[in-house]
Structure formats: structure tokens, C-alpha cells
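Student: Dock chain F against chain H, hints included.
Respectively, the protein sequence lines represent chains H and F.
The first sequence begins at 1 in our numbering and counts up one residue at a time.
The second sequence begins at 1 in our numbering and counts up one residue at a time.
Worth double-checking, as some hints may not be accurate.
Computed Cβ-Cβ distance ranges for the label pairs, DEER-style [claimed, not checked]:
id, chain 1, residue 1, chain 2, residue 2, range
1, H, W134, F, L117, 28 to 34 angstroms
2, H, K60, F, E167, 23 to 29 angstroms
3, F, I28, H, W134, 29 to 35 angstroms
4, F, V236, H, A177, 54 to 60 angstroms
5, F, L43, H, K60, 54 to 60 angstroms
When the alpha-carbon atoms are kept at most 27 angstroms apart in a straight line, the in silico DSS-like pairs for lysine-lysine are as follows [stated by the list, open to error]:
id, chain 1, residue 1, chain 2, residue 2
6, F, K165, H, K139
7, H, K20, F, K165
8, H, K60, F, K251
9, F, K165, H, K60
10, H, K19, F, K251
11, F, K165, H, K19
12, H, K216, F, K251
Looking from chain H toward chain F, a few residues come up when the C-beta cut is under 8 angstroms (computed) [as the list claims (entries may be wrong)]:
id, residue
13, Y86
14, S88
15, M108
For the record, the hints were derived by calculation from the structure and aren't laboratory data.
Yeah, the Cβ is synthetic: ideal placement off N, Cα and C, and Gly gets one too.
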Amino acid sequence: MIHARGLVQTFHTGRGRNKKEVLAVNGVDLDVEEGEVVGFLGPNGAGKTTTLRMLTTLLKPTAGTATVAGYDVVSESVQVRRSIGYVSQVGSTFSGAFAGDEVVDHGMLYGMRRADAITRGRELFDQLQLDGLWKRMPKSMSGGQKRRLDIVMGLIHDPTLVFLDEPTTGLDPQARANLWEHIEGLRSRKGATVFLTTHYLDEADVLADRIIIIDKGQIVASDTSDNLKAQVSGDLVDLEVASDDQVAVARAKLGSISDAIEVEGRHVRGRVARAGRVVPGLLRDLDAAGVSLDSIEVARPTLDDVFLTLTGRSLRDADSDTTPEAPAEPGNPPYDESGSATPALEGADR
Amino acid sequence: MTTYLRECSVVFRRQIRMNLRNPAWVLIGIMQPVLYLVLFGPLLKPLVASFDSGTTNAYTFLVPGLLVQLGMFGAFFAGFGLIGEWREGVVEAERVTPASRSALLVGRLMRDILQLLVQALILVGLGFAMGMRGALTGVALGILLTLLVGGACAAASNALALTTKSEDVMAPVINIVMMPILLLSGILLPMTIGAGWLQRTSDFMPFRWIVDGVRDAFVGNLDTSGVMWGTTWALVLFGLAFWWGTSVFRKENA
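Chain H with its partners taken away, still in its complex shape (with noise of 0.2 angstroms):
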């Protein structure tokens, strides 16, 4: 479904002296086979929403090649619009017209007879649970509500391939886990092929069925969830021992099982294998020693240990990191790719 190889765009920022070559996207490869869904991870700024625009062909690469849906994005772009569904992370309908009038709209500019729009238009409004707001405007909608509606402008034309730009930014935790159904339901009910993009674990974790990480504009890493924490070396065991004085007892007992061992304060801490098994073990021993504990805690690895180990620096840090140096891209929308600086969408979802 998406085939790129070497995909590279750069930008020009400043002004004569100061005028600097940004390397958005350094030579990404990416395969998208049919039906899958993809979340595309990595911190803002890392070229993930660039990436997305060369595919869709809103951004001419500056160098590197891609086929999408069968098309190459440069030579072929008509073709490629035709059988892509994009949803952007800023919108697509104006605040002040009728929700039904910019669907329609929309399916017309794909070539459709205004009577199929409408009819595919309140279909989709069902499916999302926009049902009844055919005559709202975007503007008195809630987050969630303009998000599902943005949702059904990328689907009028039945995409086989449905790109979404952070499509859960800025909203409420009960208006993400409710779009979450509605993206799930893309493949389901559709058998679309979905690439998304996102800078929140969880929501790649709970959607993606393989995850590609990328991070200062090269990819780094393209597996399932599972393939790639198991890359992680072991479960997280964390030990909060009730005395200072067990500490050096306890930091050698768990290093006789893990290879790093950290200590801050009471808490101690190592990478184990298949923790499950060895914690009983570790448990008893501790008691024989006579190192009493306040609390002990397990944890998988996450996505973002998986970001840790493979560049050295967690999420949430690349975040910060890379933010205020993220480079303004020509054409794109102004709060492109920094969630914080993403208008708050108001209101909690029905």
C-alpha cells in the first residue's frame, strides 16, 4: 500500500547569514502493506507529520521516491489523491459553515454527484455518531464531535488507505478512548489500511498492529508493540526497602538476577527476564536476609523504554528537546506538531 525509500525533505529557516538547511526528513523507508494499521511514533519535531504530507502529496520530497496505493506521489499525484483519505491534525472544515454543506462539498471535489455525497455523508454522520448534527457548525461542536467530523471528511470518497494526522491531540481522555473505537471500526468495518501518526504511546500501543519510531527525521525502529518491548531486556522490578541500612543487602540479592541495578534512595531497581517467574524467588531470598519491604513493583517495558534503549533518551525528554527548535514548515499549518502549543479543544464528548 505505501512503498518510500530514501525520503528525504529539507527546509530553509532564516534569513541570509543566518539562513539555515533543516533536515526535516532524513531518508525514511517505510512498507505499509494492505490492511494494516500502522501508528507512526516519535516525539514532535521528529518529521513524522512531514513524512505524512510528502505521502499525500501535499509536499513535494526533496529527494527519495514513494509509491502510495500503487502510485507514485510525484508523477502520479492525482491518482494518489483519489485513493487516499488524509485527516489533519488542524482540521478541515470552516468554523462558520454547515457540517453537512462542507461534507457534501468535499465528496463533490472527488468527483461525486451531490446526491451520492449527501447519502454517503449521513451515513457516515451514523457511524460516527454525528447524527443529528448535519446542521451544526464546527464551531458549536465539541472536540471530539469536529474530530469524528474531520473523520468523515477523510472517508467520503471511501479511501482504501486513510492517513490521520495525531487524530487524537487535545482531547479528553473520554473523547480519545471513544475515536479509538471509530479507528479500530476503519479496519474492521472497512478493511481500510490506516497510518497514523501519534506522539502517545498508549494510543499506538492500543491501535497499531506494528509501530514504526522515528526520530530526528530517520527511522529508527518498525515492529509490532510486543516485538519491540521484548527488545527491552526485562521487566522493571522496583523495590522500596522499609530501612537505609537493607539497602546494600537488597541492591546485591537483585543483582544477582539483573545485570544494571539502580539505586535512589530506598528504591532499588534492575532489568529482570521474564520477571513473573524469578520475583517469588527474589521474595524469600530477601526474607532470609531479614530486608523487610514497604512495596515492590513490576512493570512490562513500555514504548517509551523501547524509545530509551533504542536512541538513549525517553519520549517525554525528546519531547522538550526538540519542540521549540521544531522548524516552522512551509504550507503547514502554525501549531503543526507540537501538542502543546495544539488550540485546546473545549468541551468533554457526548
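Tutor: Relative to the frame of chain H, chain F by itself:
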């Protein structure tokens, strides 16, 4: 071709629908020339005979200038609406469809030109009511030239809007461009009463030729060099601005 026209009309109807929801703007746009007509026209009455402009009727002299001014001013602000649409992702959503890039511009220009036509008819009607005299074919040609100028300015304004993407940048740019155009086009007073150097300077102002052309047309002199130059300049400006506009809408994508 039919697909292209269809795409233009989808964009056009969408724009008109939004305009009709806010008809106040059409009236606000025409307020300025109407005020000039009512409050400045009487001042011209004792002077107009001395202008040697082919008419002794103050309104036959003034209305053509106001028409061109309306075409320029009204249309130059068309781009502000586009910035709003761009900010809400509408332009991007349209660009991701297979629709022709230039149809996205043409549909909007059709709206601007229709709006201008309505305003021009109001202005001319009011002019006639206040005592303007003019040949109908000439008035029609004058309005046509106005629409061309308006189309050119609207295309340029849309192009500028998508290039700057900021009202804060666009407003001063328009101001800087508008001032010399207004002062050197002889809209309120003919350039011919000015000093020689001022007349020579205004020779370089295309809009001056268009104002002169519309004035000649209103008086009924359709075969003057003024009409010829005015028409030529209107066509050239429209062609250039249209080319700029489409290239901006096409930019940045494959």
C-alpha cells in the same frame, strides 16, 4: 474541461453560501465609494469643467474612478478570508482532493467578481440617480474593466494571503501598495491638472490608464487610446495576477 468547470463551481458555491450567511460584508464594502459619491461628489461640481476630462458632469467624472477604487480595495481584502480558511485546515483539505489547483482559486475569484459586480451595479445605479450621464455600452465596458481589475487584485490578494499566511503581515503590505496606487491613479482628481513631473510619474502607474479608460468609456468615447490602454492594462494585470495566484495554489506539492 467539464470536470474543471464543475470543480470551480463547487468551490464557488461553497464560497457564495458562506458569503450569503454574512451579507453585511457586501454592504460594508460599498459604503466607502457611496460616501465618496455623496460627500465628495458635490465638491467636484464647480471644478469639473476645468478638468478637460471630456465631461462637465461631476458624477460622470467621479463614478469611473470610484468603480476602479472599489475593484481594487474590495478585492485586495479578499485574501483575508482565505487566511482564516487556511488556518482551519480548509485549504489543505481541498488540496488533498484530486481537484485542479487552479479551480480552487478560480472558484474563489468567481465569488469576488460576482460580489464586485453587485457592488458596481449599486454604485452605478446610485450615480445615475444623482445625475450621472453615460452611454450604456460605455458604462458596460467600464464595469467590465472594473471586474478585470477586481479579479486581478483578488487573485493577487489570495496569492499574498497564502504566501504570508498572516493578517499582520498582509495588512501593512496592502497599505504600502495601495497608497501610491490611489495617489497616482487620478481617482478623485485627474492627473492632468498636476505638475509635469507628477503626470510623468503617473504614466508608470497602470491603474491610472485603467481609470482614464473607464472614464472615456463612460463619456461614450470608445475608440480613444485611453480605452485601448485601459483595456490592455486591465488584461495584462489580470493575466499576471492569475498566473501568480495559480502558481501559489500549486506550490509545494507534487
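Student: Run every hint past the structure and note whether it holds.
Tutor: Going through the hints against the structure:
As the Cβ distance of W134(H) to L117(F) is approximately 32 angstroms, the hint placing it in 28 to 34 angstroms holds. For the pair K60(H) and E167(F), the supplied restraint of 23 to 29 angstroms holds, since their beta-carbon distance comes to about 28 angstroms. Under the hint 29 to 35 angstroms, the C-beta atoms of I28(F) and W134(H), about 31 angstroms apart, fit the expected range. Taken as a hint, the range 54 to 60 angstroms holds for the pair V236(F) and A177(H), whose Cβ atoms sit roughly 59 angstroms apart.
Checked against the hint of 54 to 60 angstroms, the pair L43(F) and K60(H) passes, with Cβ atoms roughly 56 angstroms apart. Proposed proximity of K165(F) and K139(H) is supported: the alpha carbons are some 21 angstroms apart, at most 27 angstroms. For the given pair, K20(H) sits about 21 angstroms from K165(F) by alpha-carbon distance, which is consistent with the 27 angstroms threshold. Between K60(H) and K251(F) the alpha-carbon distance is near 9 angstroms, which keeps this suggested pair within the 27 angstroms criterion.
Distance check on the hinted pair: K165(F) and K60(H) sit about 20 angstroms apart at the alpha-carbon level, within 27 angstroms; holds. Distance check on the hinted pair: K19(H) and K251(F) sit about 21 angstroms apart at the alpha-carbon level, within 27 angstroms; holds. Note on K165(F) and K19(H): the hinted pairing holds, with a Cα-Cα distance of about 21 angstroms set against a maximum of 27 angstroms. Our distance criterion of 27 angstroms between C-alpha atoms is met by K216(H) and K251(F), whose separation comes to about 26 angstroms.
Interface hint at Y86(H): satisfied, since its Cβ lies 5 angstroms from the closest Cβ of chain F, which is below the 8 angstroms cut-off. Taking 8 angstroms as the C-beta contact cut-off toward chain F, the hint placing S88(H) at the interface holds, the least distance being around 5 angstroms. A hinted interface residue such as M108(H) counts as satisfied when its beta carbon comes closer than 8 angstroms to some beta carbon of chain F; here the least separation is about 5 angstroms, so the hint holds.
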